[in-house]
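Asker: Respectively, the protein sequence lines represent chains A and B.
Residues 1 to 183, numbered by the numbering used here, are exactly what the first sequence covers, in order.
Residues 184 to 366, numbered by the numbering used here, are exactly what the second sequence covers, in order.
Derived by calculation from the structure, the hints in this document are not laboratory data.
For glycine and all other residues, C-beta sits at the position ideal for the given N, C-alpha and C.
What you were told as hints is all true, and nothing was included just to trick you.
Chain B is nowhere near these chain A residues, computed Cβ spacing over 12 angstroms in every case: (1) Lys3; (2) Glu8; (3) Glu9; (4) Thr10; (5) Gln17; (6) Glu20; (7) Gly46; (8) Pro48; (9) Asp56; (10) Arg88; (11) Arg92; (12) Glu100; (13) Ala126; (14) Leu129.
In silico contact screen, one side only, chain A against chain B (beta carbon under 8 angstroms); selected entries: (15) Gly26; (16) Ser32; (17) Glu73; (18) Val78; (19) Gln115; (20) Thr140; (21) Phe145.
Number of protein chains: 2
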Amino acid sequence: MLKIRPIEETDWAATWQVIEPVFRAGETYPFSPGITQEEAHRAWIGMPSATFVAVDATDEILGSYYIKPNQPELGAHVCNGGYIVAERARGRGIASAMCEHSQRQAVSMGFRAMQYNLVVSTNEGAVRLWKKHGFAVVGTLPKAFLHSRLGYVDALVMYKQLQTSYDDHGIESHRPVGGRHRA
Amino acid sequence: MLKIRPIEETDWAATWQVIEPVFRAGETYPFSPGITQEEAHRAWIGMPSATFVAVDATDEILGSYYIKPNQPELGAHVCNGGYIVAERARGRGIASAMCEHSQRQAVSMGFRAMQYNLVVSTNEGAVRLWKKHGFAVVGTLPKAFLHSRLGYVDALVMYKQLQTSYDDHGIESHRPVGGRHRA
Numbered sequence: 001m002l003k004i005r006p007i008e009e010t011d012w013a014a015t016w017q018v019i020e021p022v023f024r025a026g027e028t029y030p031f032s033p034g035i036t037q038e039e040a041h042r043a044w045i046g047m048p049s050a051t052f053v054a055v056d057a058t059d060e061i062l063g064s065y066y067i068k069p070n071q072p073e074l075g076a077h078v079c080n081g082g083y084i085v086a087e088r089a090r091g092r093g094i095a096s097a098m099c100e101h102s103q104r105q106a107v108s109m110g111f112r113a114m115q116y117n118l119v120v121s122t123n124e125g126a127v128r129l130w131k132k133h134g135f136a137v138v139g140t141l142p143k144a145f146l147h148s149r150l151g152y153v154d155a156l157v158m159y160k161q162l163q164t165s166y167d168d169h170g171i172e173s174h175r176p177v178g179g180r181h182r183a
Numbered sequence: 184m185l186k187i188r189p190i191e192e193t194d195w196a197a198t199w200q201v202i203e204p205v206f207r208a209g210e211t212y213p214f215s216p217g218i219t220q221e222e223a224h225r226a227w228i229g230m231p232s233a234t235f236v237a238v239d240a241t242d243e244i245l246g247s248y249y250i251k252p253n254q255p256e257l258g259a260h261v262c263n264g265g266y267i268v269a270e271r272a273r274g275r276g277i278a279s280a281m282c283e284h285s286q287r288q289a290v291s292m293g294f295r296a297m298q299y300n301l302v303v304s305t306n307e308g309a310v311r312l313w314k315k316h317g318f319a320v321v322g323t324l325p326k327a328f329l330h331s332r333l334g335y336v337d338a339l340v341m342y343k344q345l346q347t348s349y350d351d352h353g354i355e356s357h358r359p360v361g362g363r364h365r366a
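If we strip away everything but chain A, and leave its shape as in the complex, we get:
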């Protein structure tokens, strides 16, 4: 039984255990493999608008994701997300569950689209998964990622417009019309 809930400060140590090996590996995220715990905290919790953890029935942390605006003000209706699943918990649909959760969360925060800026092309599982969840590869950045083992590899920009409950005719109507949007 998987539950996805907002992260709390007391979750950090266990969350760091989950994300540290991924950063250290240098194969999927651009952060330095030598990143400190403080820098990782800032990147994963400090800078983002919201961070969530996926937990099992015993509240053990199996994954985490963040969401944040991808650009300043006039591009801030497009969000960016990052997702990591604990190595021991892979293949159980946790990334899928977080991806779906993050899209609903994004809509509830007033975002209209989601963009992944640097999906490493050799991370085929991730590319396949995001496609399955409706993301399109809008572009390929040649040799934009320095993979720890493989050297310079291509990275993909992936993008999805989100289903919002308000209309889509531009600036006149870009403010949420209902009461459920926070941003």
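Assemble the complex: chain A is given as a structure, and chain B must be docked to it using the hints.
Answerer: Chain B alone, transformed into the frame defined by chain A:
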């Protein structure tokens, strides 16, 4: 006679005169049209790795650009740049001169590619200019920019691999081999 030189703190007031109307217009940069001078200083000089001004023979500032890494460490070999020409000085090739200068500057700083993340599709002059200087449109982000007059419009991701003086076989050789690279 156009000269492009590093910005100095004493250039800020004149540079702000050049870039403020562009930010206020909200048609090409994502910054809030209500951005303060302090926020603009941080974005244009504080955060970037280097900022330059284009000046005429009397040292009057006609344009400015910045350059910075587009991603953390494992994506930090790709830079991002932003360019603004004073309204009164347009049509004189200043943007072209800054674009070429920024590419040489990027190579000298050790960057291997340059990426524009959010070229507003309605800014046709810019799109044409960047193409002329060798940038490819690698992707289109549907409705990713909230244009002050036009509402949500598409934005382009543009990218160019730079000619570097060292080879291109990946991580083993990613450190500059000569003495002219600073990064």
